[in-house]
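Below, each chain spelled out in residue letters.
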Amino acid sequence: MPQISAKPYESTLNLSFDTPELAEIAYRVLSVDKEPRRNFVQKTLSLELDVLVVHFYADQVKNLRTAISSFFEALLLCQDTIKQFGDAAVEPEAQEENNAGAQSSTDSA
Amino acid sequence: MVCSLGIEGSANKIGVGIIRDGEVLANVRRTYITPPGEGFLPNTTAKHHREVILTLVEESLKEANIKPADLDVVCYTKGPGMAPPLLVGAIVARTLALLWKKPLMGVNHCIGHIEMGRHITGAQNPIILYVSGGNTQVIAYSNKKYRIFGETIDIAVGNCLDRFARILKLPNDPSPGYNIEQMAKNGSKYIKLPYVVKGMDVSFSGILSHIEELADPTKNPNKRKRTQEAESSETKPADLCFSLQETIFAMLVEITERAMAHCGSNEVLIVGGVGCNERLQKMMEIMCEERGGKLFATDERYCIDNGLMIAHAGAEMFKSGTRMPFEESFVTQRYRTDEVLVTWRDD
Numbered sequence: 000m001p002q003i004s005a006k007p008y009e010s011t012l013n014l015s016f017d018t019p020e021l022a023e024i025a026y027r028v029l030s031v032d033k034e035p036r037r038n039f040v041q042k043t044l045s046l047e048l049d050v051l052v053v054h055f056y057a058d059q060v061k062n063l064r065t066a067i068s069s070f071f072e073a074l075l076l077c078q079d080t081i082k083q084f085g086d087a088a089v090e091p092e093a094q095e096e097n098n099a100g101a102q103s104s105t106d107s108a
Numbered sequence: 000m001v002c003s004l005g006i007e008g009s010a011n012k013i014g015v016g017i018i019r020d021g022e023v024l025a026n027v028r029r030t031y032i033t034p035p036g037e038g039f040l041p042n043t044t045a046k047h048h049r050e051v052i053l054t055l056v057e058e059s060l061k062e063a064n065i066k067p068a069d070l071d072v073v074c075y076t077k078g079p080g081m082a083p084p085l086l087v088g089a090i091v092a093r094t095l096a097l098l099w100k101k102p103l104m105g106v107n108h109c110i111g112h113i114e115m116g117r118h119i120t121g122a123q124n125p126i127i128l129y130v131s132g133g134n135t136q137v138i139a140y141s142n143k144k145y146r147i148f149g150e151t152i153d154i155a156v157g158n159c160l161d162r163f164a165r166i167l168k169l170p171n172d173p174s175p176g177y178n179i180e181q182m183a184k185n186g187s188k189y190i191k192l193p194y195v196v197k198g199m200d201v202s203f204s205g206i207l208s209h210i211e212e213l214a215d216p217t218k219n220p221n222k223r224k225r226t227q228e229a230e231s232s233e234t235k236p237a238d239l240c241f242s243l244q245e246t247i248f249a250m251l252v253e254i255t256e257r258a259m260a261h262c263g264s265n266e267v268l269i270v271g272g273v274g275c276n277e278r279l280q281k282m283m284e285i286m287c288e289e290r291g292g293k294l295f296a297t298d299e300r301y302c303i304d305n306g307l308m309i310a311h312a313g314a315e316m317f318k319s320g321t322r323m324p325f326e327e328s329f330v331t332q333r334y335r336t337d338e339v340l341v342t343w344r345d346d
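Chains as they are written, first to last, in numbering that gives the first Met the number 0: chain A, 0 to 108; chain B, 0 to 346.
No wet-lab data here; the hints were simulated from the structure. Check the hints yourself; a few may be wrong.
[Stated by the list, open to error] Selected chain A positions facing chain B (in silico; Cβ < 7 Å):
1. Pro19
2. Leu44
3. Val60
4. Phe84
[To be verified] Okay, derived cross-link-like pairs now, SDA-like style, lysine to any residue, Cα gap no bigger than 25 Å in a straight line:
5. B:Lys100 x A:Glu23
6. B:Lys197 x B:Lys281
7. B:Lys188 x B:Met286
8. A:Lys82 x B:Lys46
9. A:Lys82 x A:Ser30
10. B:Lys66 x A:Asp79
11. A:Lys82 x B:Lys61
12. B:Lys66 x A:Asn38
13. A:Lys82 x B:Val51
14. A:Lys82 x B:Arg333
15. A:Lys42 x B:Pro324
16. B:Lys46 x A:Phe84
17. A:Lys33 x B:Glu327
18. B:Lys46 x A:Val31
19. B:Lys61 x A:Asp86
20. B:Lys46 x A:Phe70
21. A:Lys33 x B:Glu50
22. B:Lys46 x A:Asn38
23. B:Lys46 x A:Pro19
24. B:Lys46 x A:Ala73
25. A:Lys82 x B:Phe325
26. A:Lys33 x B:Glu338
27. A:Lys82 x B:Lys66
28. B:Lys46 x A:Arg36
29. B:Lys100 x A:Asp32
30. B:Lys46 x A:Ser68
31. A:Lys42 x B:Arg333
32. B:Lys46 x A:Ser30
33. A:Lys82 x B:Arg29
34. A:Lys33 x B:Met323
35. B:Lys66 x A:Arg27
Just so you know, even glycine gets a beta-carbon here, dropped at the ideal spot from N, CA and C.
Generate the whole structure from the sequences, applying the supplied hints.
Written out as structure tokens, the structure is:
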């Protein structure tokens, strides 16, 4: 884990999904990739029912931004895949509102 | 019976393939083509892949006429390659595997090429020349590993061709190497270039610098060379393409022949994007004939990066009992051919 200074920049994303199952899929898919070692960002993912909570700590705002941007790229791709191919695995009723979105975001940078 | 879907996206090609018990059901691909004179960069390539990958998965299922439930395994390229494009394939493969409740398999890109080549051509135990934009290796199978006999010590042969095409401003459509090959057909005068074989290894970067100076003397002013070249009239781009191909392919044929002699093998299999160059195939064929050997090569559908090769290699791994825990489905930019334990071959 990279060393982060005593006063870090932080950000938490709360991302809600239609069902806890879909949230878990996103959680497992996005948990695999570790932050690059030289990025000095710590990323922790956790699951609260149908909400995926992602917390970032960084030593610099710039690094925080990079980490969040690349996380969003991965999240959007995962979400689009669920939207397009999820119907076979998930109950059909759940399809109509297949919009997992960023509900709230708190920054303390 | 194993039905496998494979996603490949380690460089500027993104492809999805489906194979069922060795029968090709689908093989679709898109290439990210940059303007002449420009190469492809990791992040913009990843953006291209993100935009088309889901359409490709859809297309492949349609072409194969199967439902996700018919699949046994979902495969993706684990490496080697550029991280951002690799990640696109990995994320989609992971999501699909969880949605469809199928096992996930990470495949070594080079192994994908080798197994696809063996499957399509029927070559049993060939010496493999793997030549592409990112890799140049002479490989032989021994004791459950594909061993690297010789390789490039700097840039890949395809990288040398691609970058020379950029100097000449040849289009990247369909591929820079293809356009060099076509241009070389109009060349006849052989211009002497450095010939760099070091034991079983080859080097291309010096040849590239040298030919770059010949093509554009203003770029890297080297006075001694420039006065020499100025006397010997102008060099035509076609002659340069011709000479470059003859030189670098001769180097590849030399190390391949040495590997054949060492292993006592009489089969050669050419795989990788540069492998669909007909001049390289012709030169290799002449060498093989002289030794009483046989050349195996495939066309651009299977030579150039494709999803099918990942599906096939993944299916072979799956059949032989290899399983990958989901948590290990990361991507890695460096992943050598000889790191993979070949569980599916018994010879």
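Tested hints:
1. Pro19: With a minimum Cβ separation of about 13 Å from chain B (threshold 7 Å), the hint on A:Pro19 is violated.
2. Leu44: Violated, about 13 Å.
3. Val60: With a minimum Cβ separation of about 20 Å from chain B (threshold 7 Å), the hint on A:Val60 is violated.
4. Phe84: holds (6 Å)
5. B:Lys100 x A:Glu23: holds (13 Å)
6. B:Lys197 x B:Lys281: Within the cut-off at roughly 24 Å; holds.
7. B:Lys188 x B:Met286: holds (23 Å)
8. A:Lys82 x B:Lys46: Answer holds: A:Lys82 to B:Lys46 is near 19 Å, not above 25 Å.
9. A:Lys82 x A:Ser30: holds (20 Å)
10. B:Lys66 x A:Asp79: Cα-Cα ~19 Å, so holds.
11. A:Lys82 x B:Lys61: Holds: A:Lys82 and B:Lys61 sit about 18 Å apart, inside 25 Å.
12. B:Lys66 x A:Asn38: violated (41 Å)
13. A:Lys82 x B:Val51: holds (15 Å)
14. A:Lys82 x B:Arg333: violated (32 Å)
15. A:Lys42 x B:Pro324: Status holds; Cα separation ~21 Å.
16. B:Lys46 x A:Phe84: The given pair, whose Cα atoms are some 20 Å apart, holds under the 25 Å limit.
17. A:Lys33 x B:Glu327: Roughly 11 Å between the alpha carbons, so the hint for A:Lys33 and B:Glu327 holds.
18. B:Lys46 x A:Val31: holds (20 Å)
19. B:Lys61 x A:Asp86: Holds, at roughly 16 Å.
20. B:Lys46 x A:Phe70: Answer holds: B:Lys46 to A:Phe70 is near 14 Å, not above 25 Å.
21. A:Lys33 x B:Glu50: holds (24 Å)
22. B:Lys46 x A:Asn38: holds (21 Å)
23. B:Lys46 x A:Pro19: violated (29 Å)
24. B:Lys46 x A:Ala73: holds (11 Å)
25. A:Lys82 x B:Phe325: Judged against 25 Å, a Cα distance of about 21 Å means the pair holds.
26. A:Lys33 x B:Glu338: Judged against 25 Å, a Cα distance of about 22 Å means the pair holds.
27. A:Lys82 x B:Lys66: Judged against 25 Å, a Cα distance of about 17 Å means the pair holds.
28. B:Lys46 x A:Arg36: holds (23 Å)
29. B:Lys100 x A:Asp32: holds (20 Å)
30. B:Lys46 x A:Ser68: Roughly 13 Å between the alpha carbons, so the hint for B:Lys46 and A:Ser68 holds.
31. A:Lys42 x B:Arg333: Holds: A:Lys42 and B:Arg333 sit about 24 Å apart, inside 25 Å.
32. B:Lys46 x A:Ser30: holds (21 Å)
33. A:Lys82 x B:Arg29: holds (22 Å)
34. A:Lys33 x B:Met323: Holds, at roughly 18 Å.
35. B:Lys66 x A:Arg27: Status holds; Cα separation ~24 Å.
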